[in-house]
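Chemist: Assemble the whole structure, with the sequences as input and the hints as a guide.
Number of protein chains: 2
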Amino acid sequence: MNQMIAPTLETLTDLQQTLHAEIPLTRAMGVRVVRADHNGLVLGAALAPNLNHKQTAFGGSLNNLATLACWGLIQLLVRDCGRAITVVIQESHVQFLKPVTQDFEAISPPPPSAIHEKFLRMLERKGRARLELEATIHSDGDVALRFRGQFVAYDRARFQGFESAAVV
Amino acid sequence: MNQMIAPTLETLTDLQQTLHAEIPLTRAMGVRVVRADHNGLVLGAALAPNLNHKQTAFGGSLNNLATLACWGLIQLLVRDCGRAITVVIQESHVQFLKPVTQDFEAISPPPPSAIHEKFLRMLERKGRARLELEATIHSDGDVALRFRGQFVAYDRARFQGFESAAVV
Chain Y
1 MNQMIAPTLE
11 TLTDLQQTLH
21 AEIPLTRAMG
31 VRVVRADHNG
41 LVLGAALAPN
51 LNHKQTAFGG
61 SLNNLATLAC
71 WGLIQLLVRD
81 CGRAITVVIQ
91 ESHVQFLKPV
101 TQDFEAISPP
111 PPSAIHEKFL
121 RMLERKGRAR
131 LELEATIHSD
141 GDVALRFRGQ
151 FVAYDRARFQ
161 GFESAAVV
Chain H
1 MNQMIAPTLE
11 TLTDLQQTLH
21 AEIPLTRAMG
31 VRVVRADHNG
41 LVLGAALAPN
51 LNHKQTAFGG
61 SLNNLATLAC
71 WGLIQLLVRD
81 CGRAITVVIQ
91 ESHVQFLKPV
101 TQDFEAISPP
111 PPSAIHEKFL
121 RMLERKGRAR
131 LELEATIHSD
141 GDVALRFRGQ
151 FVAYDRARFQ
161 GFESAAVV
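Those protein sequence lines, which keep their order, are chains Y and H. The first sequence begins at 1 in the working numbering and counts up one residue at a time. The second sequence begins at 1 in the working numbering and counts up one residue at a time.
A portion of the hints provided could be inaccurate.
Where chains are identical, the list cannot tell them apart; a pair therefore holds if satisfied intra-copy or between any two copies.
Quick list of in silico lysine to aspartate or glutamate cross-link-like pairs, EDC-like style, CA-CA up to 16 Å [what the hints assert, rightly or not]:
no.	residue 1	residue 2
1	118	80
2	54	22
3	54	103
4	54	155
5	118	22
6	126	22
7	118	132
8	98	142
9	98	37
10	98	80
11	98	140
Everything labelled a hint here was simulated from the structure, so no lab data went into it.
Modeler: As structure tokens, this is what we get:
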């Protein structure tokens, strides 16, 4: 878990640039990297481009930000292992608990050290590894969204052109 | 279920305008209403604004389109009952089964007649009613995404300013 503590400004800037360059919808959503530390990766988004018919945040946007926080967290978790990876999502379960009425942030906490280490070991051995991550979005001090997703990371050098699962 | 068959062009145009006006991200995603009949409501989106880092469709965009297809379907299901309703999502479960490499469509089939009738009856009696709906997105003939969501519709005349659940 210590790998997660305080990635450099350069790493976080790269992550934000990668999101904006490779997933154009993140620009439309105004997604930004807020911070990363031992509590996890935090992504933020402005309310205005993500409004719904109730003038609160569109559930799809909340879900997207939570998904991206997990996706970004995996990028940070593997960044020291020197591998170019592709991360895809296989399954998600989301609870929408409360409306979000302001700009919002999604936080994805790092997995326990043992899970993180096993994930890196599998990636090394098999060239791919599965990881279940969570993310939450708060609103006025309460949990507004609880996201749980199954992700798979592939070592690009060993799985070029694969057609498994899908996408983040 | 017969209420679903062939809504007028005006109804579908209204639905598309509502989506674009009230959920601005649908414009960024290029969401359009394709058709509605006894098979369900079909929404479409272009690949270009919804790309991910693999040059396939971003999972968040796929999830959004499926969510919106269910949301729109509920609008069509209640349109003959003369009520102004607000539809929110409470929970979703999504399986990402295959990458999507082209423009894509989400179809949300209407619920069985008995479920539809019970839903309208509860909306009449209680002013709110829950409905579980599904949506799928296909790619090259296979199911690429399978979405299941719990939605709640509120009669606006009876639940003004409510702060339950969240958002679509």
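Chemist: Does each hint hold? Answer for all of them.
Modeler: Hint-by-hint comparison with the structure:
1. In the homo-oligomer, the alpha carbons of residue 118 and residue 80 lie at most 16 Å apart inside one protomer (15 Å), although the nearest pairing across protomers, at 55 Å, exceeds that limit.
2. Taking CA atoms no more than 16 Å apart as the test, residue 54 paired with residue 22 passes between copies only; the shortest distance there is 8 Å, against 30 Å inside one copy.
3. For the homomeric pair residue 54 and residue 103, the shortest alpha-carbon distance inside one copy (15 Å) is at most 16 Å, but the shortest distance between copies (29 Å) is not.
4. Within a single copy, residue 54 and residue 155 get their C-alpha atoms only as close as 42 Å, which misses the 16 Å cut-off; across copies the closest is 14 Å, which meets it.
5. When the C-alpha separation of residue 118 and residue 22 is checked against a cutoff of 16 Å, the pair qualifies neither within a copy, at 28 Å, nor between copies, at 45 Å.
6. For the homomeric pair residue 126 and residue 22, neither the shortest alpha-carbon distance inside one copy (26 Å) nor that between copies (46 Å) is at most 16 Å.
7. Within a single copy, residue 118 and residue 132 get their C-alpha atoms as close as 12 Å, which meets the 16 Å cut-off; across copies the closest is 37 Å, which misses it.
8. In the homo-oligomer, the alpha carbons of residue 98 and residue 142 lie at most 16 Å apart inside one protomer (8 Å), although the nearest pairing across protomers, at 35 Å, exceeds that limit.
9. Taking the closest pair of Cα atoms, residue 98 and residue 37 never come within 16 Å of each other, the shortest separation being 26 Å inside a single copy and 33 Å across copies.
10. Neither within a single protomer nor between protomers do residue 98 and residue 80 lie at most 16 Å apart by alpha-carbon distance, with minima of 37 Å and 29 Å respectively.
11. Only within a single protomer do residue 98 and residue 140 lie at most 16 Å apart by alpha-carbon distance; the minimum there is 10 Å, versus 37 Å between protomers.
The earlier numbered hints that this structure contradicts are 5, 6, 9 and 10.
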